[in-house]
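**Student:** Each protein sequence line maps, in turn, to chains A and B.
In terms of the numbering used here, the numbers along the first sequence are unbroken and rise by one, the last being 208.
In terms of the numbering used here, the numbers along the second sequence are unbroken and rise by one, the last being 205.
Because the hints were derived from the structure by calculation, they are not lab data.
Being a predicted model, the structure only gives us computed values, none of them experimental.
Among the clues, some could well be false.
25 Å max Cα-Cα, derived PhoX-like pairs, lysine-lysine [claimed, not checked]:
1) A/K51 with B/K97
2) A/K63 with B/K89
3) B/K97 with A/K61
Listed below are the residues making up each chain.
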Amino acid sequence: MRKTNFKVDIIPILFLTVVVCVSVIALAYVNSITYEKIETAKLDAFKEKLSVHFADMTDFTSNDANDCYIVFTNDDIAGYAVKATGSGYGGTIELLVALEPTNIISTDDLIIRGLSVISHSETPGLGDKITKSSFQNQFMGVAFSGIELSKTGGAIDAISGATISSKGVINGIVSSIEARFDSLVELVSSVEVS
Amino acid sequence: MINLLKNLKNGLLTENPVFVLLLGLCPTLAVSTSIDNAFGMTAAVMFVLISANIIVSLIRGVTPDRVRIPVFIVIIASLVTIVDLSMKAFMPDLSKSLGIFIPLIVVNCIILGRAEAFASKNTLADSIADAFGMGIGFGLAITIISFFRQLLGTGEITVFGTHIFSAPGLFDNPMSVFILPMGAFLVLGCLLATLRYIGVIESG
Chain A
15 MRKTNFKVDI IPILFLTVVV CVSVIALAYV NSITYEKIET AKLDAFKEKL
65 SVHFADMTDF TSNDANDCYI VFTNDDIAGY AVKATGSGYG GTIELLVALE
115 PTNIISTDDL IIRGLSVISH SETPGLGDKI TKSSFQNQFM GVAFSGIELS
165 KTGGAIDAIS GATISSKGVI NGIVSSIEAR FDSLVELVSS VEVS
Chain B
2 MINLLKNLKN GLLTENPVFV LLLGLCPTLA VSTSIDNAFG MTAAVMFVLI
52 SANIIVSLIR GVTPDRVRIP VFIVIIASLV TIVDLSMKAF MPDLSKSLGI
102 FIPLIVVNCI ILGRAEAFAS KNTLADSIAD AFGMGIGFGL AITIISFFRQ
152 LLGTGEITVF GTHIFSAPGL FDNPMSVFIL PMGAFLVLGC LLATLRYIGV
202 IESG
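Can you make the complete structure from the sequences, with help from the hints?
**Tutor:** So, in structure tokens, the structure goes:
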């Protein structure tokens with residue numbers, strides 16, 4: 015075994031260490047400048063998605079898991095929103111379901127106010143019609159029990175050629191709202207108390 | 002001065018990274034769906050390419066040969082992260098449509114290739130000129146591809162919300178295949194063939 019040579023063996027290690035330290039400092043600096051702006055931009059983007067359904071929205075609050083929301087117009091509750099995920103033909107479909115400000119005791123009291131797709135990977139030209147208003151508007155004003163395909167007695171017509179995508183949206187809404195209903199009720203009651 | 006011009010022309014034509022070297026094809030194919038994306042991607046790549054070439058050229062005398070590739074990668078990755086964070090902060094819409102392809106500039110071979118093949122062996126001025134040439138060459142290529150894909154795939158050309166023109170007939174019945182990944186290969190293939198046929202670039 016040859017002897018350790020300072021120039022050949024140690025200098026490269028030191029040099030790379032110095033380079034990494036300098037970049038870490040530079041990145042920490044950039045992050046400190048941009049962090050707040052990125053968070054505001056994210057919040058603004060989400061606010062815009064909510065305000066599609068609640069035109070008079072002035073503020074909103076969310077639970078800690080960030081999947082249930084209450085929308086306010088001044089101090090009055092304008093409605094609720096729940097994040098939903100379903101599995102479509104090409105992968106996960108992320109949805110935002112807006113709900114009317116009804117008095118909620120059980121899921122039967124829920125009335126859908128609107129629907130928007132946050133992200134999806136459905137086939138362009140077929141399944142991606144779930145982002146079109148002609149599909150989404152069907153959900154407006156439908157009671158929670160009516161969220162089902164029309165061929166099984168519900169109020170929603172599937173997109174022709176994209177039954178799996180349509181079902182993915184419907185199953186996503188139903189299962190996510192059922193799973194998150196308790197947290198929504200909890201959030202609502204916490205707001206009413208305070 | 003002549004040297005600088007030569008380096009510029011080198012990047013634009015004789016060694017155009019996309020059309021001749023066929024480097025950096027991943028972003029070229031993936032985000033060339035609209036001219037907006039092409040401009041955004043070009044700006045990001047230009048910034049990283051120029052800064053990386055400057056830094057690599059400046060430290061070329063002290064960089065130990067054995068760790069030069071890790072050093073280049075660290076420099077490039079940091080620059081890309083800076084671009085990614087700034088874009089998310091100041092241009093959230095653009096950042097959303099370019100998505101994962103901004104972070105992926107790290108593994109874009111144009112940038113590592115120029116750092117290794119050019120900037121680590123040449124003076125600062127030459128390295129900057131080379132980065133400009135390569136950056137503009139990349140931008141030109143991706144913009145041309147985007148132009149055809151957007152025109153054929155959507156039937157109209159809009160740049161940053163400003164409507165330039167609609168192609169009659171195409172607008173009502175756009176050939177959406179050109180917006181899909183497959184269209185990128187079709188356009189790139191046809192462009193390469195045409196450019197070689199008319200002799201703008203030499204076949205290797």
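**Student:** Hint by hint, say whether it matches the structure.
**Tutor:** Hints and how they fare:
no., hint, in the structure
1, A/K51 with B/K97, "15 Å, holds"
2, A/K63 with B/K89, "18 Å, holds"
3, B/K97 with A/K61, "16 Å, holds"
In this structure, none of the earlier numbered hints is contradicted; all agree with it.
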